[in-house]
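K.L.:
For reference, the chains in residue letters:
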Amino acid sequence: MNAPQTPPKLKVATCSLAGCFGCHMSFLDIDERLLTLLELVEFDRSPITDIKHCGPCDIGIIEGGVCNAENVHVLREFRANCRILIALGACAINGGLPAQRNHLDLRNILEAIYATDTGLASGTQVPNDPELPLTLNQVHPIHEVVKIDYFIPGCPPSGDAIWKFLTDLVAGQTPHLGHGLIHYD
Amino acid sequence: MMSATFTIDGQEVPFTPGQSVMQAALSAGVFIPHLCYHPEFRPHGSCKLCTVKVNGRPATSCTLPAAAGMDVESNTPEILDKRRALLQMLLVEGNHFCPSCEKSGNCKLQALGYELEVFTPHFNQFYPDRPVDASHPDVLLDFNRCILCELCIRASAEVDGKNVFALSGRGITKHLIVNAESGKLADTNFALTDKAAQVCPVGVILEKRVGFAVPIGQRHYDAAPFSAHVAEFKPTPESQGERS
Amino acid sequence: MNDTDAIRDVLSRHGNDGTRLMQILRETQEVLGWLSPATLTAIAAGVNWPRAKVEGTAGFYSFFHTEPRGKYRVLWSDNITDRMLGNMDLMQAMCQKLWLEPGHLSEDGLVSVDTTSCTGMCDQGPAVLVNYRAIPRMTLQRVEQMAELIRKEAPMADWPADWFAIEDNIRRADILLGCTMLPGDAMKVSLARGSAPAVETASNERSFREAVHSSDAGPGATLDEIKKSGLRGRGGAGFTTGLKWEACRNAPAQTRYVICNADEGEPGTFKDRVLLTRQPDLVFEGMTVAAYVTGASKGYVYLRGEYRYLLEPLNSVLAGRRKAGLLGKNILGRAGFDFDIEVHLGAGAYICGEESALIESLEGKRGVPRNRPPFPVTHGFLDQPTVVNNVETFAAAAMIAGRGGDWYRSFGTAKSAGTKILSISGDCERPGIYEYPFGVSVRQVLEECGAKNTQAVQISGPSGICISPKEFGRCIAFEDIPTAGAFMVFDQSRDIFEVVRNFVHFFAHESCGFCTPCRVGTSLLKNLMDKIAAGHGTHYDLKEIQQLNSVLQISAHCGLGHTACNPLVHTLERFRPAYERRLKSLDFEPAFDLDAALSHSRQMTGRDDAGAHLSNELETAAEKA
Ligand SMILES: Cc1cc2nc3c(=O)[nH]c(=O)nc-3n(C[C@H](O)[C@H](O)[C@H](O)COP(=O)(O)O)c2cc1C
Ligand code: SF4
Ligand code: SF4
Ligand code: SF4
Ligand code: FES
Ligand code: FES
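Chains as they are written, first to last, in the working numbering: chain A, 1 to 185; chain B, 1001 to 1244; chain C, 2001 to 2625.
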C-alpha cells in the first residue's frame, strides 16, 4: 500500500497597491496559524518574501485599490499569473480611503500640492520624471481593472476572517464568512 | 377566532386583515430584508429589498396586502441573488466608505450586506460628488450615503409636521433637498429632537460631536445580525391601520 | 411688470391651488425664463406648500429650469429616427455657429443647446424644440438661419412661420381618421339609448349622478355597447375599456374624473398628436361619453409638454363645444349632466404617461408611479375614482357610442376589435400615420409604407418588441404583436447596436428614480452599452446585461423598469452579431478607459512618453511584464 500522498503545495503571491499595508498586517495576525497555512501553501512574490515579480501562482492576494499606472501593471501581472485572484480589504474592493479624493479634480490636487503650497521652493512643478508612475484621475477598485474571483471585505479584514476564507478556499469549498467575520470596517 | 394564514417558504404565518405581507411576517417573527420599511410609518415600496414571489409572481412584500393561502417565496437562491444585486446597486450609487462612517455597526444597509454575504459592490462605482451640509449647529448631513428611502421625509412631514426634507431631480440624479431657499439645513427649523433626526437607516443624518462613541463590539449589529433583531421591526398598532 | 407681479398673476389665475403647480410653474417660466430660488419660494408661499416640495416638483421635470437657460433654449429631439436623419451633425453645426458646448449656456447667457427625448416628430425629423415650440424638418440651412436669428435676438414671433408647420402625414385613414360624425352625434345617440326615467327627469346634478348609478338603462346601455365592442386600451397595456369604466362607475365617490392620456412619450409614437389635430372633437366626445357612463363631472387632457403648440387650438375646440352645449352645465339639455374638460400640460417626463404617475403630476407632484392597489378606478385623481384612457381609446369609444358595439366589432380580428393607428418612421419612403384594422401583417405595412431591405422593425417603441424579417408575417393585434402605435423601420444599412444604445440612454434619462433597480440599473446598463460602443466590451458584459435584466424584471416598481431591458433582450436574441462585432475576444476588459484616466496627470506633468500611457489590453501588459 502506498503512503497517502501529500497534495502539492499551493503557490500564493500577495501585494499591496494603493493601500496602507493594514491588510497585510492583518494577514500576519493569523499568528501561529500562519505556520499551519505554510504547510499548505508557499509564497511567491509577497512583502513577506523578497521576490520582485509574480510567477505562475495558484492564488494571488491584492491589497489596495488602483491609483496609478504602476498599480495597473502590477495588477495585470498578477492576473496574468494567478489562477485565482483575491481582493483583500476595503481599498481593493471599493477604493477605500484613497478613493475619498475622487470627488476632487486631480489637476487641482496636483496644483495645490506642487504649485501653490507655501512651503515649496518657488518654481517647484509637478514632477515629470519618466521613472515615476503617473497618477490616475480617480482611484478605482481592482475589479474595475481586471477580473477578480474573490473578495474579503474589511478595513482591514480580521485575521480570523482571512484564515476562514483561505482555509475554505484551500479545502476546495466556496468561502463563507458568517456574522462577526464579515465586516466592511 | 381562527385567523387566516399564508405561507412564507413553507412556514405558516397568520395575519389580520389589512396587514401587508411584511407586517404579518415580522409580527410572526419571520424576517424579510428591508430598508425603506419602518414599523412606525406607512410603507413606501421603493428600496425593493423586500421583493418576494407570491404564487410564483414577483411582489413587493411591504406594500402587498396579505391574503389567505398565498404561497410566498422569500429566501430562495434566486431572490437572495436579486436582493444582493439591489444592495450592490445602493453601495455603488453613493460613496460608502464604512471605515470612516460614524454609522458603521449601526447601519441597516451594512447589516443587510453582512446578512446576505455581500463581499463586493460588484458593479462599477459611480463616485458621485455630493458635498456635505455641516451648516446646522447640531446635525451633519452627509449625502454621500443617502439611499433615498424617504424615511426622513416621511418622519418630518408626518410626525414633526415640519417638511424639512424632500426629493428633487430624477433617475440617477435624484437627491435629497432641505426646505430652505439657501439649500442649507441651518436655514430650516430642523432640530436634533425631531423624529426625522432618528430614522435614517444609514449614515446621512448624524448628530454632531458624538461620533464613534460606542466602541466596536457594542454597536447595534455587532452582537447579532440584522435578522435577529426582528422584534424591533414589528409593526406598531398605528402603522397597521390605513395604508395607501 | 416685475417678477413678483408676474408670479402673483399666474398664481391668482390658478386660484393659488397647489394641485395646479405644474401649470403654475410652466406659466411662470414662460414669463420669467426660469424658476429662480426666489421664484420657487414665492410660488411655495402662494400655494401654501412647503418650499422643498415645490422645488422637488420643479426639479423632476426636464422642461423646468431651476438654473438660467438663456433667452433661447434649443432642444434637439434625440430619438434614433432623428439620429438616422443626421440630427447630431446638425446640432454640432449649430453649437459651432453659436460658440457653445451642447448642454451648456453660452457665455453671454443668451442661448443653450441640448438634446431631449423623442418629441413625436419622427416622420418629419430632425426636429427641435425652441423655447418649447416644435420645429420639424431641420436642415443645415435652417440651422444657419436660426443661429443668425438667435444672435440677432429676433423674437420667435418674427421667425419664418413655415418653420412651425407640423404635417399630419395621414397615409391611410380608416373608420377613426375617416370618421365623419359631427360633434355631439355620439352623445345624442347615447342620451337617446335606453334612457332610464330617473336619469331623464333628474332635476339637478346630484340626483342625475345618483340616477346614473342606480340604472342599468341610460348610461348603462352605452356602457353595454362599449363592453360589447370589446374595445381595449390603445395606450399599451390593452385593458378592457368597458370594465375600467364600469369599475369607476361602481366605486363610491364624491366626484369622478375622466383623464385623457395624451402624454405620448414612447419614442416613435405620434398618432395621438395627429388625432388631436384632426379629430379633437371625437376625442372630447369620447371623454364626454365616459363622463356620462361613469358619472364623472370633470375631465383633463394631460398633454405632453412637447405638444405645447396644440394648447390654444384645443382650447378653442373646447370653447366651441361649450358654446354648442356639448360641455358645461346640462349637456345637450339633459338636466344635471354637467361635465367640462381642461387641458393640462406636462413638462418633459416620459414616466408621466404611466397612469398613476400622470395623476401625481396632475396633482402638482413629482411624476412617480403610485403603489397599487388601490387602482385609479377607485382611488385616482385627488383620491377619487378616475378613468384614465389613451387619446385613441376615447376616439374609438365615441364612435362606438355613436354606431354601436356590434358595428365596431365587425372590424379587426375576433380578439382585437376595431382599428389601430400606427406611427411609421425610419427607413421607408412614406413615413406618417397609417390606420389599419387589427390583424394586418407587418409585411403588408412595410410594403405600403415603402420600406426596402428592412433589417428590423421596432414595434411599440423601445418598451415594445424588435422583430427580424423572419417574423414579418406576424400581425398587429393583441393576440400577436400588441402596440401602442410606434413602428420604426431599420434597413440593412443601420447598426442595430446603436439603435439599442439610443433606447438604453432613453430609459436611463427617463427613469423616475423611485425604485432602486430602475434608478441604478438603467444607468448601469447605459454605462455598459457605452463601454461596448467604445470597443471595450466583452462577453462578460453581455452576461452582466442579462443579469441586470433579471433584477429589473423581478423587482422594478413599474412598467418602465420592467421593459427597460426589452431592447437589449430582443436584439441579443435576434441580432447578437451586432454586439459581438464590437466585443474584444478577452473575457474581461477594464470598466473605464485606462489611458484616458491618466489624462490629467499627463496634462500636469507635460509627459507623453511610453510610460505615460496605458493600453487597455491585458495581453500587451502581460507580454511587457
Ligand atoms: C412607462 C409608461 C409609459 C406610458 N406612457 C403612456 C402614454 O404615453 N400614453 C398612454 O396612453 N399610455 C401610456 N402608458 C399606459 C398607461 O399607464 C395606461 O395604461 C393607459 O393610459 C390606459 O389607457 P388605455 O387603457 O386607453 O390604453 C404608459 C405606461 C407606462 C408604464
Ligand atoms: S452608511 Fe452604512 S454602508 Fe454606508 S458607509 Fe456608512 S456604515 Fe457603510
Ligand atoms: S437621509 Fe437617510 S432617511 Fe433620508 S432618504 Fe436618505 S437614507 Fe433615507
Ligand atoms: S421602475 Fe423606474 S420609472 Fe418605474 S417607479 Fe421604478 S424608478 Fe420609477
Ligand atoms: S489597505 Fe486594507 S483596508 Fe485599506
Ligand atoms: S422594504 Fe419594501 S420596498 Fe423597501
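Incorrect hints may have been included.
Unchecked claim - Taking CB as the label site, the calculated pair distances span:
1) A:Glu39 x B:Gly1010: 40 to 46 Å
2) C:Ala2247 x A:Lys147: 49 to 55 Å
3) B:Thr1076 x C:Gly2535: 36 to 42 Å
4) B:Pro1077 x A:Lys9: 31 to 37 Å
5) C:Asp2587 x A:Glu70: 22 to 28 Å
6) B:Leu1080 x C:Glu2144: 43 to 49 Å
As the list claims (entries may be wrong) - Example chain C residues on the side facing chain A (calculated, C-beta under 7 Å, incomplete):
7) Pro2068
8) Lys2071
9) Tyr2436
10) Leu2598
11) Asp2609
12) Gly2611
13) Asn2616
What the hints assert, rightly or not - Some residues of chain B that are not near chain C, with every Cβ distance over 10 Å (derived):
14) Ala1004
15) Lys1048
16) Leu1049
17) Ala1085
18) Glu1102
19) Phe1119
20) Asp1129
21) Leu1148
22) Val1159
23) Gly1169
24) Ala1186
25) Thr1193
26) Gln1198
27) Ala1224
28) Ser1227
It is worth saying that the hints were derived from the structure and are not from the lab. Just so we're clear, the structure is a prediction, and the values are computed from it rather than from any experiment. Yeah, the Cβ is synthetic: ideal placement off N, Cα and C, and Gly gets one too.
K.L.:
State for each hint whether it applies.
P.N.:
Evaluation of the provided hints:
1. Evaluation of the 40 to 46 Å hint for Glu39 of chain A and Gly1010 of chain B yields a pass: the beta carbon distance comes to about 44 Å.
2. In this structure the supplied range 49 to 55 Å holds for Ala2247 of chain C paired with Lys147 of chain A, their Cβ-Cβ distance being about 53 Å.
3. Our hint of 36 to 42 Å for Thr1076 of chain B and Gly2535 of chain C holds, since their Cβ atoms are close to 39 Å apart.
4. Checked against the hint of 31 to 37 Å, the C-beta distance between Pro1077 of chain B and Lys9 of chain A comes to roughly 34 Å, which is consistent with it.
5. In this structure the hint that Asp2587 of chain C and Glu70 of chain A lie 22 to 28 Å apart at CB holds, the actual value being about 25 Å.
6. In this structure the hint that Leu1080 of chain B and Glu2144 of chain C lie 43 to 49 Å apart at CB is violated, the actual value being about 59 Å.
7. Restraint check, Pro2068 of chain C versus chain A: the minimum CB separation of about 24 Å is more than 7 Å; hint violated.
8. Contact between Lys2071 of chain C and chain A, as hinted, is not supported at the beta carbon level, the nearest pair being about 31 Å apart and thus beyond 7 Å.
9. For Tyr2436 of chain C, the interface hint is violated, since its Cβ never comes within 7 Å of a Cβ in chain A; the closest pair sits about 50 Å apart.
10. Hint status for Leu2598 of chain C relative to chain A: holds, with the closest Cβ pair at about 5 Å, below 7 Å.
11. With a least beta-carbon distance of about 5 Å to chain A, the hint placing Asp2609 of chain C at the interface is held under the 7 Å criterion.
12. The interface hint given for Gly2611 of chain C is met, as the beta carbon of that residue sits about 5 Å from the closest beta carbon of chain A, less than 7 Å.
13. Look at Asn2616 of chain C: its Cβ only gets to about 10 Å from chain A, farther than 7 Å, so that hint breaks.
14. Against chain C, the non-interface label of Ala1004 of chain B holds: every CB pair exceeds 10 Å, the least being about 18 Å.
15. A Cβ of chain C approaches the Cβ of Lys1048 of chain B within 10 Å, the least distance being about 4 Å, so the stated non-interface status is violated.
16. The Cβ of Leu1049 of chain B sits about 8 Å from the closest Cβ of chain C, inside the 10 Å cut-off, so the non-interface label is violated.
17. Listed as outside the interface, Ala1085 of chain B is inconsistent with that label: its C-beta sits roughly 5 Å from the nearest C-beta of chain C, within the 10 Å cut-off.
18. Its beta-carbon lying about 23 Å from the closest one in chain C, Glu1102 of chain B satisfies the requirement of being farther than 10 Å from that chain.
19. With a minimum CB-CB distance of about 16 Å to chain C, Phe1119 of chain B clears the 10 Å threshold, and the non-interface call stands.
20. With a minimum CB-CB distance of about 15 Å to chain C, Asp1129 of chain B clears the 10 Å threshold, and the non-interface call stands.
21. Non-interface call for Leu1148 of chain B relative to chain C: violated, since the shortest CB-CB distance, roughly 7 Å, does not exceed 10 Å.
22. Interface exclusion of Val1159 of chain B from chain C stands, the closest Cβ pair being 15 Å apart, more than 10 Å.
23. Against the 10 Å criterion, Gly1169 of chain B falls within the reach of chain C, whose nearest CB is about 5 Å from its own CB.
24. With a closest Cβ-Cβ approach of about 15 Å to chain C, Ala1186 of chain B is found to remain outside the 10 Å limit, as its non-interface label requires.
25. Look at Thr1193 of chain B: its CB is around 20 Å from the nearest CB on chain C, clear of 10 Å, so calling it non-interface holds up.
26. For Gln1198 of chain B, the condition that its CB be more than 10 Å from all CB atoms of chain C holds, with the nearest at approximately 20 Å.
27. Separation of Ala1224 of chain B from chain C is adequate, the least Cβ-Cβ distance of about 26 Å exceeding the 10 Å criterion.
28. Chain C leaves Ser1227 of chain B outside its interface by the beta-carbon criterion, the shortest separation being 20 Å against a cut-off of 10 Å.
When the structure is compared with the earlier hints, violations turn up for hints 6, 7, 8, 9, 13, 15, 16, 17, 21, 23 and for no others.
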